[in-house]
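Using the hints provided, position chain S relative to the given structure of chain V.
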Amino acid sequence: MNIIVCIKQVPANTRVEVDPKTGALIRDGIDNKLNPYDLYALETAFLLAEQGETVRTLTMGPPQAKEALLEAVYMGADEGVLVSDRRFAGADVLATAYTLSQAIKGLGPYDLILCGKQTTDGDTAQVGAELAELLGIPHAGNVYAIQKAADSRIVVSNTLENFTITQSILLPCLLCMDGDINTPRLPSYKRKISLFSQPVRELTLDDLEERDERNYGLMGSPTQVERIFPPQNIHTRHMLKGNSRELTTEIAGILKKHRYI
Amino acid sequence: MKRLNIHTDRITPKNSEELIRICPFRSISYQEGCLEIDSGCRMCGICVKNGPTGVITMEEMTSQKVDKGEWVGIAVYVEYFAGRMHNVSKELIGKARELASITHHPVYAVLIGWNTDDCVKQLLSYGVDKVFVYDNRLLEFYKTEPYASAFTDFITRVKPSSILVGATHIGRSLAPRVAARVRTGLTADCTVLQMKENSDLVQIRPAFGGNIMAQIVTPNHRPQFCTVRYKVFSEPIPYPTTQGEVIQIQLPDDMLINSVEILAINEKQKETDLSEAKVIVAVGRGIGSKRNLAMVKELADLLGAQLSCTRPLVENGWFLGKQQIGLSGRTVNADLIFTIGISGSVQFAAGMKESKCIIAINNDPNAPIFDYAHYGVPGDLREVLPELNNRIKEGANIVV
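Sequence lines, in order, name chains V and S. Heads up: the first sequence runs through residues 1 to 261, numbered per the working numbering. Heads up: the second sequence runs through residues 262 to 661, numbered per the working numbering.
Derived from the structure by calculation, the hints contain no laboratory data. Glycine residues also receive a C-beta, built at the ideal position from the N, C-alpha and C atoms. One or more of the hints may lead you astray.
As the list claims (entries may be wrong) - Output of the computed footprint for chain V on chain S, the stretches with three or more beta carbons under 8 Å from beta carbons of chain V:
| # | segment |
| --- | --- |
| 1 | 300-308 |
| 2 | 473-481 |
| 3 | 631-639 |
Bound-form chain S, shown alone:
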């Protein structure tokens, strides 16, 4: 709990000028001896740290302290839909085990659904200490309200210290609902998670459009809540023997009431999901004109690759949202990925940097994408691509 205080007695026209200059949000103004901070302030504290000493100070306010010893365990929300467990849940269990080894906390799985027996067995094999199961006909399909009720019941019953949720469509709908209900923080799309010995979860995610990493903590609230996207962490190897405990919880039906009635559920036409693609050709704004897309498509066809793109090309309507790589699109883990005309924002890189072979073509040799690429190609794509396509077509003649 912090608050900015302006010490009027120390204000001079000169140090006001300096404060106005260093505020990155332009929210400090000065008029006739009066310094004001407007609502553009983001409490970044730069005026305190780098400004003239003592003019603006950050005041720590006393607050009720949470008893961290009361909140024990790292819980993973298991996404189970249409009889299938989402792989992100396995990845999170692996991460939870890693984090728990620092604080010696148990790892819990929360499973909400119907006919979940097979899923429970699978969970135990991944080394979960306790599986809390809310198995009920009324929970057959995902509905936010009853699922949030069950999830909240788990939190109040078990008091876990941290909760990890997959940043899937369901996770993005359920986690905020539950976090708001128990009045705690929620950090979206973490790319790195670390554990402090006092059980504070360090959550790192790209911020400010992706050019900055933010390290976020929830120092005075429990549980600590975060979401993580699919394929950010690796899937753990199952144990040959299992010894976890299964706890079945039946909620009374009236706790599972619902103002939503599902009319139809349709499986989308099976299309190859970008997240699963082995070979990808990704194109960005550097492609210039739409005409140049033809040679990118040709390369993708020649390699049997999936075509994908960066966010600006979705925003300008050239590609569909599901073809986008990056934090606001898909995360991929390809065997081979070409990035063409992509400068490489952190958000894009976060969506593809785990790929095994990254070949980046960009005409700016200083582009950040080359920090991620295994092979950086500083060249004009309009020259390199047609030539490369021809080379691949005559494939057999290449001498390595």
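In isolation and in its complexed conformation, chain V is listed as follows:
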């Protein structure tokens, strides 16, 4: 089974504040990491692919997102593809899914696309399903188990809030993997030094089939951020005072008043 895993580089630290005067973003550090939910999708791919089958990994992002692809390669992926172009900047869910779909169409045949459940920065958990739609293939979300099956099908178990569903899906298809379903392997130093070159290539808008700028980045995004603002809080602070003993007495009093004790 030839597999493509979609991954994303996310900020290692999501602490971001807005300067109340200028409206500018104040970012705390610029360290990045591979989105933790993508690790489970990568591990799933490594477990599914057999000898002679490929695991390719794809990301859209700035030049430094190459680091995320290399991490996936050192974990075991055969190749990384970086989709990077200033004209992709400001993409919302639709424009992101569209860009990925265009890149995947140029990658040749595949059987399965795997995504993580969500990213830790955007947190929308929507790109996977939109990507499947734009590629015209079926998808399933919250997948926790996969079995191979005959006749170009795959048997997938996924969860709804109160149910689990086991279904047989026609390949090629896209699956969004749940977290905590396996133990992702670590990047291998041995693999890193055994590779003669870094198997990562870059695609820009000019390499895609559809080159109309208006379908990408901010221009291709139906949603627009009108403003960003620091969160407002509804309560006024009500702080208890005293040493641990006095604090405890007060809490116990509150619990008693509300009849919890």
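Chain S in isolation, oriented as in the chain V frame:
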């Protein structure tokens, strides 16, 4: 439709330096008189607004305008699975009615399933103007492809201005599929929805890891699509009399084809759902070592509370995903919630701030959690918790 333009004639080494400094995404670089913006750019526009005047400008590009008058009505996708309507659908109908009162639009419900008669009656009692029903044996269980076909049929037939979908597992699978099919925007997990008089839906959600709120609009596309989590809005009170209209739509079977075959559906073992819990003890990274969890568990047992946590404690494997409160976990609306060693990110707070009594214990008196708490306890949990547990055990002796 916007684009950044660099005006090369105005570039100096000095103003380039300033631009490089103010770009929050470090995506501006300068080399030998040439200023470049790389693909790290998020089009935030700070270089235009706060940078040296006229060096980088934002150019508005003309685009085809959607005729907003053609798209009328606020629609709610009704989640109906295994003979039950999900409560989030009721909450969204209540919100839709509120939003519709500003633009005087009708409120629609879209119901896809099989044997839906009882659900239709219930929907009418919540004040829906029209219920569009796709009732078919082939739609008995949720399958993305035929459900997306029916949903898309509703959109092309009715042309609603806004669509609200519950951010359940089904909603998160179906809404993106349909939004991509009709090439419109989709905003996930909105916590506030407002309506402008021109029918633009203002969608507010936490962004950038939750420390910022983003106000999002879909100014030039219809329908406007968003998802909202369970328990973010309140359930409306049903009307005593109903007067809504029911429209049954039968799609030809070949429109409901499907490349998925369901082999088994199992109800999960009944466990108390965190979203329904009345009393909760939540623990965060401030707990320090795993050893300290014992006293948190003891407190939860003493109060008959459900134990829950923040995201980092799921990521480090101490808790299961279903025990997590916050935007990427469960939203709760408890009568009493203790937060222990939780600093209170917006994402966590969004998942619990509607709770009726919030008691926060944290050693940093400036932690944001105290902005949400009804009672802030600035103390060391290693001292407060054992003492509190003892107090509860001797319960009867407490004098208020």
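Verification of the hints:
1. 300-308: holds (count 7)
2. 473-481: The restraint on the segment 473-481 of chain S holds, since 9 of its residues have a Cβ under 8 Å from chain V and three suffice.
3. 631-639: As far as the segment 631-639 of chain S goes, the hint holds, because 9 residues have Cβ atoms under 8 Å from chain V.
Consistency with the previously given hints is maintained throughout, with no hint failing.
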